[in-house]
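Enquirer: Take a look at the letters that make up each chain.
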Amino acid sequence: MSPKRTVATWTMAVLTAATLASCADSERNDDNGGGGGDDGTFVFGAAGAPEMFDPFYATDGETFRVTRQMFEGLVGIKPGTAEVVPELATEWTPNDDGTEWTFKLRDDVTFHDGEPFNAEAVCYNFERMFDQNEAGQTAGEYWGYVMGAFSNDAANSLYQGCEATGDYEAKISISGPTSGFPTMLSLEALSMQSPKALEEGDANGIAAEGEGFSFPDYANNPVGTGPFTFGEYDEANGEISLERNDDYWGEKAKSSEIVFRVIPDESTRRQELEAGSINGYDLPNPVDWAGLEDDGNSVEVRDPFNILYLGLNPEANPQLKDLKVRQALYHALNREQLVQTQLPEGAAVATQFMPDTVSGYNTNLQPYSYDPDEAKKLLAEAGAEGMTLNFAYPTEVSRPYMPDPEKIYEALRTDLEAVGIKVNVKTASWNGGYLDNVTAGKYDAYILGWTGDYDSPFNFIGTFFGNLKENDFGTEVMPWGKQLADDLKTADAIVDDAERGAAFEKINQQIMEEYLPGLPISHSPPALVVGPGVEGVIPSPLTAEEFDTVSVGGE
Amino acid sequence: MIRFVVRRLLQMLLVVLVLSMLVFAWLRSLPGGPVSAMLGERQTPERRAALEAALGLDQPLPVQYGKFLQRAVQGDFGVSTKVLPGEDALDIFLQRLPATIELSFLAMVLAVALGIPLGYFAARRRGSPADAGAVIFSLVGVAVPVFFTAFLLKYFFAVEWNLLPVSGRQSTGMDATRVTGMFVLDGILTREWDASWDALKHLILPALALSTIPFAVIFRITRASVLDVLDEDYVRTAEAKGLTAKVIRGRHVLRNAMLPVVTTIGLQVGGLLSGAVLTETVFSYRGVGEALATAFREKDYPVLQVLIMAAAAIYVLVNLMVDIAYAIIDPRIRTR
Amino acid sequence: MSDPTTDRHDDQHESSSQTPRRTTYGGLRKQRIDDLATAGTVDDQPGVSLIRSAWQRLRRNPIFLIGLAITVAFVVLAVIAPWIAPWDVTARPLLDKVRPQSNPVPGPEAGHLLGGDDRGRDLFSRLIVGSRQTLIVGVFATLFGLIGGVTLGTLAGAVGGWVDSLVMRIVDVMLSLPSLLLAFTIASLARNPSQWTVVVAIAIIQVPIFARLLRGSMLAQRSSDHVLAARSLGVRPRAIVFRHMLPNAMGPVIVQATLSLAVAIIEAAALSFLGLGNPDQRQPEWGQMLGLAQPYITEAPHLAFYPAGCIIVVALGFTLMGESLREALDPKTRR
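Residue numbers (the working numbering), protein chains in the order written: chain A, 151 to 705; chain B, 9 to 344; chain C, 16 to 350.
Simulated DEER-style distance windows between Cβ atoms:
#1 Asp66(B) with Arg297(C): 33 to 43 angstroms
#2 Gly126(C) with Val117(B): 48 to 58 angstroms
#3 Glu350(A) with Asp66(B): 31 to 41 angstroms
#4 Ala33(B) with Leu181(C): 10 to 20 angstroms
These are calculated hints, taken from the structure and not from any lab test. Cβ atoms here follow ideal geometry from the backbone N, Cα and C, with glycine treated the same way.
Generate coordinates for the entire structure from the input sequences, incorporating the hints supplied.
Expert: Here it is, written out as structure tokens:
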């Protein structure tokens with residue numbers, strides 16, 4: 151390169167840089183944060199980025215954690231419990247057959263954009279959720295899950311209509327009574343959003359584009375009634391900030407700002423907490439609990455609201471049709487040892503397919519004993535000594551009920567092999583076929599679990615066995631499969647709470663003693679950790695913490 | 009020259025097209041998929057089918073690919089399903105690219121600044137213990153898995169000694185203005201010096217981890233090519249003529265030895281992405297590599313397609329640029 | 016079959032070391048491969064034979080000797096591991112001491128030199144036995160890669176023409192992808208992942224390297240005197256390929272294989288780190304032990320440090336040996 155050209159190149163480079171610099175002015179706000187006084191920022195380390203900010207289309211916990219701070223539902227959950235309490239509705243009463251519910255609403259609530267919250271807004275929200283295009287029907291997964299159908303298939307929908315019977319009184323009709331209503335209205339996905347903002351942001355304008363959904367403007371400009379308002383999403387740095395809502399109808403939030411910082415790696419979250427750059431994160435590794443506490447952090451252990459089970463599929467392995475074989479497998483498992491050595495403190499051996507916080511839990515049931523001899527005897531009686539079991543576990547996943555699937559699997563597998571069962575190790579990654587194979591009945595046995603959405607027995611055992619044709623336990627081929635599914639539906643439709651509870655208790659007993667479609671293993675408490683100086687975190691069994699009560703060290 | 013460039017560009021286009029086809033078929037043959045990632049425990053065959061139908065995943069592969077090509081020609085590579093749902097996949101790549109450029113640039117600067125001098129001195133003292141030590145040191149760099157280097161750096165410098173930030177690209181609450189997406193540069197352009205300094209501190213550890221392999225390669229090539237040149241007749245002649253060591257070094261040895269080194273540097277840039285996947289994952293650094301790892305875990309097909317194709321295209325482009333540069337510098341190649 | 020000895024390729028490789036480094040057409044990775052291809056094949060020099068002269072240099076090379084010592088120690092350990100390990104690697108003698116919070120990883124005690132792992136198994140035994148699996152992964156990944164690469168390379172180098180073009184374009188596409196990414200994708204393709212998934216994934220990323228190497232080597236052979244002589248004597252093309260060209264072209268391939276062993280072991284560790292290793296962790300393997308140690312990185316970092324240390328030392332051993340072999344066979348350094 152000749153000297154002349156070099157000079158020219160450099161001149162160009164300098165000129166370009168100068169031009170760039172001249173048009174790049176600092177856009178910093180001197181005022182740090184939008185809302186009033188500065189009471190500190192609560193920085194939370196999130197494991198993943200939120201999908202978007204319209205809870206209706208959201209499906210994962212990371213998204214709900216963010217939207218939960220901005221939105222409220224008609225009914226809420228009492229902090230620290232799974233109990234349903236009034237939130238935007240002050241009270242609700244059903245008619246006699248439990249198909250029409252009248253909600254009395256708060257009259258002092260406005261949305262973040264100044265729109266009033268009233269019965270019209272409630273009905274607008276329900277109609278908006280009900281009336282989805284094809285893409286919206288699949289993306290609005292929670293509605294589909296609890297309501298069954300959308301407006302195009304109105305006959306099969308639980309939701310039948312909403313009527314504003316007064317300024318602050320709304321009547322919601324449903325197709326029949328269920329234990330899930332109105333508890334399901336506490337679901338984050340069914341939160342109340344500003345009708346004006348929904349309209350202006352074309353909230354229902356979701357479309358399938360290629361393999362994904364493209365979301366309308368609204369999904370990035372959410373407007374709710376909650377204690378925090380949406381700030382901004384700095385995608386380049388992976389940070390979402392929420393500002394305190396100074397016009398909140400209830401007690402104002404203690405922190406003036408919450409920042410969610412995306413840190414996908416577990417051990418990095420811990421290191422960031424130790425370095426003081428975040429104030430807390432979810433699901434610390436049980437191994438770290440003691441160390442975290444020693445360093446002055448507080449580990450908040452939630453009550454378990456989940457179940458880990460060993461699923462069995464008699465369709466895949468006909469030997470499992472024999473109750474004796476299933477009981478033998480259960481007796482072979484040393485669950486006490488598993489819980490003590492592999493699960494976090496506070497974990498418990500399960501006696502049935504739901505935790506004791508759920509109504510309909512049967513307190514009389516005792517855990518199956520660890521008895522390898524009995525197991526061998528039962529296997530011999532069933533003529534299934536040395537049977538082969540295709541037993542699977544998922545990789546690349548950590549769930550509240552199974553922090554480390556592989557370790558749990560290893561313990562279970564060792565126990566099964568000890569009674570002479572030949573275990574074929576099967577595995578796939580969680581997103582890479584494991585769930586597909588489970589639902590398609592490709593495994594004889596597998597580990598899986600469930601975290602409750604809300605306090606309803608049907609949300610647990612109804613999900614597992616209520617759908618006869620499509621369930622992971624292959625109950626269709628069992629003589630009692632249909633009976634169980636029918637019993638569940640009947641019990642779920644009982645209006646009276648006490649009566650319904652008794653019915654579910656009976657079903658739980660039948661499941662464990664007569665059917666044993668799968669083997670409930672344990673309940674594990676998920677934890678949450680916050681750094682020194684953070685106060686007011688109320689751990690929620692539903693892992694649905696609201697951060698408005700959280701304050702950060704004296705600032 | 010122009011014919012050569014055009015031919016190479018056409019070749020590149022072909023490579024990317026073939027790749028897009030392979031990647032497309034490949035991804036869709038993987039078990040599971042975005043639908044599993046979206047549904048989780050709630051998955052039933054029924055819901056799965058509905059979601060697949062809505063997303064067009066139930067159609068035959070050639071049909072899917074045809075639609076993909078049709079949209080791709082218009083610059084639409086689909087929207088992300090999980091990395092940043094609803095966002096255009098190409099936008100995600102473009103948004104993550106500055107982060108990775110920034111990181112790779114610093115890593116290359118470190119590798120060059122260490123590799124060339126060390127390689128030169130090792131060659132000058134060939135066979136000495138210092139040479140052997142330097143060679144072994146460079147080989148250790150290759151033998152340590154990149155993610156482990158990254159982990160060690162993080163563990164000691166960030167956690168134990170608290171000298172540098174643990175992860176991410178910039179501290180919370182910096183409220184920096186974004187211009188190019190390269191945070192250090194942005195801070196300089198907008199004269200937000202603290203933001204720039206903060207971003208630089210976040211860069212140091214990942215860049216060090218990422219530079220180990222390019223360093224080792226640059227070191228070895230420098231050493232080898234300096235050795236070659238030292239053996240050449242003209243250097244011997246120069247020595248015989250009694251030219252000072254300084255003149256020989258400057259005018260003959262370094263200059264002639266640099267050609268292969270320049271090539272190496274160019275090519276290492278193309279190969280940085282492999283290391284970036286691991287390094288960015290360890291440091292939760294939001295660059296292309298981290299997006300790739302996340303996209304893979306969550307089976308975000310559109311993002312994966314764009315990222316893999318872009319990686320290949322960049323690799324081929326860098327190759328091409330190196331060849332062109334080389335052809336300009338060394339006329340002997342042009343004639344072939 | 017076209018005549019193997021006809022040079023019709025515009026990017027024909029000169030076997031002479033005097034030509035300037037070839038750079039058009041692809042990258043340094045390719046160039047390094049090609050350099051090596053021509054290295055071991057210049058065997059028609061007068062005087063000491065290639066192997067003997069190489070050995071004479073290697074014998075005095077401390078780098079080579081260190082590498083050789085590590086490698087030999089590793090292989091011996093891998094072979095005798097099951098007999099010297101104090102505990103059965105699947106037994107869980109320390110399980111009752113494991114408590115997820117208070118004592119996640121049992122420390123050293125009598126009979127357990129390094130303590131246990133998170134499931135109460137003896138860590139020391141697992142490290143020792145881990146050498147065997149690690150060796151198996153490395154050797155088989157390299158072997159399969161070698162077989163695949165040699166087949167493709169022979170095909171390309173011997174047949175030439177459009178077959179050559181086709182094979183080399185495929186190889187170029189494979190080389191144009193980041194290798195780890197390729198392995199990553201292949202490993203996640205498996206429906207029933209196992210140790211062999213890792214082996215196959217790593218083998219596949221080695222294939223293009225070996226293929227290119229062998230083809231280069233064969234091209235260099237094509238114009239060598241003894242092949243020309245054989246040709247002029249009327250030896251059949253097939254016989255030329257298999258009796259004369261292939262055996263002589265194998266030298267560089269073997270050097271590359273040594274280096275590939277190190278790469279295979281490191282890449283296996285990376286795959287395990289990304290969660291794509293062997294899901295059945297009863298039989299220990301270092302990369303997998305390192306991957307599984309991740310959750311304990313703060314509380315019990317030694318779980319990660321021991322296997323990582325082993326991997327580094329062994330990878331270094333193979334690399335030192337391979338690099339000095341390469342240098343010894345390189346005609347440029349033989350003056």
